[in-house]
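Quick note, the sequences are listed as chains V and C, same order.
In terms of our numbering, the numbers along the first sequence are unbroken and rise by one, the last being 324.
In terms of our numbering, the numbers along the second sequence are unbroken and rise by one, the last being 105.
In short, the hints are calculated from the structure, not lab data.
It is possible that some hints are incorrect.
[Claimed, not checked] If you want the ones that stay clear, here's a sample from chain C, every Cβ over 10 Å from chain V, calculated: (1) Gly11; (2) Ala19; (3) Pro47; (4) Val58; (5) Val73.
[Stated by the list, open to error] Where chain V lies over chain C, by a calculated footprint (3+ residues, C-beta under 8 Å): (6) 26 to 32; (7) 76 to 87.
Heads up, the beta-carbon is just placed ideally off N, CA and C, and yes, glycines get one too.
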Amino acid sequence: METTYDAVVVGSGPAGYTAALYLARADISTLVLEGATPGGCLMSTSDVENYPGFDEGVRGPELIGAMRRQAARFGADLVAREVARIERHDPWFLVATEGDVVRARVVVVATGSTPRRLGLARELELTGRGVSTCATCDGAFFVGQHVIVVGGGDSAMEEALQLARLSATVTLVHRRSSFRASPIMASRVDANPRISVLTDTVVTALNGEDVVESVDVRDLRTGAVSTIAAAGLFVAVGHDPQSDLVSAAGLAEVDEAGYVRVRGRSSLTGTPGLFACGDVIDPTYRQAVSAAGSGCVAALDAQRHLQDTTVEFAASSGVLHAIV
Amino acid sequence: MPSFDPITAAGLDAVVDAASGLVAIDFWTPGCTRCQALEAVLTEVVPDQPVVVFQSNVAEDPELAARYRVMSVPALAFYRDGEHLRTVFGEKSRADVVALIEELS
Chain V
1 METTYDAVVV
11 GSGPAGYTAA
21 LYLARADIST
31 LVLEGATPGG
41 CLMSTSDVEN
51 YPGFDEGVRG
61 PELIGAMRRQ
71 AARFGADLVA
81 REVARIERHD
91 PWFLVATEGD
101 VVRARVVVVA
111 TGSTPRRLGL
121 ARELELTGRG
131 VSTCATCDGA
141 FFVGQHVIVV
151 GGGDSAMEEA
161 LQLARLSATV
171 TLVHRRSSFR
181 ASPIMASRVD
191 ANPRISVLTD
201 TVVTALNGED
211 VVESVDVRDL
221 RTGAVSTIAA
231 AGLFVAVGHD
241 PQSDLVSAAG
251 LAEVDEAGYV
261 RVRGRSSLTG
271 TPGLFACGDV
281 IDPTYRQAVS
291 AAGSGCVAAL
301 DAQRHLQDTT
311 VEFAASSGVL
321 HAIV
Chain C
1 MPSFDPITAA
11 GLDAVVDAAS
21 GLVAIDFWTP
31 GCTRCQALEA
41 VLTEVVPDQP
51 VVVFQSNVAE
61 DPELAARYRV
71 MSVPALAFYR
81 DGEHLRTVFG
91 EKSRADVVAL
101 IEELS
């Protein structure tokens, strides 16, 4: 890994790889710090049916793999390292990973989001003992058993449909009366004889000695609490933005929910040279294709910034040696 | 997969008893990208650490996972002198893995 780049991209979903592809193709030296687990949310998505250009659909990991190769083809360096810290030493950024420090003229933050938890007592303790957030990974443990999926979005529908192939029954529990999921996913769930749906219902407790044996649910309309026998509870209740890296350092403002604030339709944060894109700025759309588009915007904004500050950087090369 | 020697329920006792020092079993399933990520971390970290790692494909050999109540992958089960110390679940960074090994060594 080199120690100085024009651009460092932090994150490796569709936004990060698209930004890297655009930057590298514009002949800008680019490093992608992909995190400990490259690929983002798409890596646990089995079939992506709504990414344009793939008329037969494409598997999430395959799509990510292609984006990664495309960025690498134009010369982006890709390293599966987690970023510990980003610091501003005007006009440079120092990006610290485990053990290394990289200097960059611009940083593109594409850190995405992490799965949200239900916040139940014993949820952490029983994670890996029946509580899961990945049907693709853990479905095999629940063959022929009863499982519960919590959530109302597309990812909850996908978890339920996947589990229905292996498990005896799937109960989909959702706190609202209607799903946020796309109609096509919701209608597949409706049509699946192994899946039953409980709307206006929340999970209130996890029961079992040292593995999940049942869960308590409360009907929000009547207040009635009942217990459902289940060996597995799959949580798909959305995601929280991973913005700590830039918010803690005071490099970017975040909203109440933790999304990085950007200026208008751009990727500009409050710190010149720091750009943000993808799920970490997007509480609304959160699609692979919108994240990719957002990565493109960040790359073009970063490219312009690099052009505008060339003189400044030429003058600061002495400063660079002084700070590192 | 796998990068480390595979282990089955039948072979576990022999291996864990014979090994002096820390032993870890990495439970994984095919198609589990989080497992691949953990494997990559282990491949990088383990050569410098006082631990012997084996892998268990849960899809092929559910018995071993069942014995340790592993119901989610990736999972890392640690042993020393034939005794089960701890099982941890989910993705881990390099720093997480090194810290775990140091703590349990």
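Results of checking the hints against the structure:
no., hint, result
1, Gly11, "holds (21 Å)"
2, Ala19, "holds (24 Å)"
3, Pro47, "holds (16 Å)"
4, Val58, "violated (6 Å)"
5, Val73, "violated (5 Å)"
6, 26 to 32, "holds (count 3)"
7, 76 to 87, "violated (count 1)"
When held up to the earlier numbered hints, the structure conflicts with 4, 5, 7 and fits the remainder.
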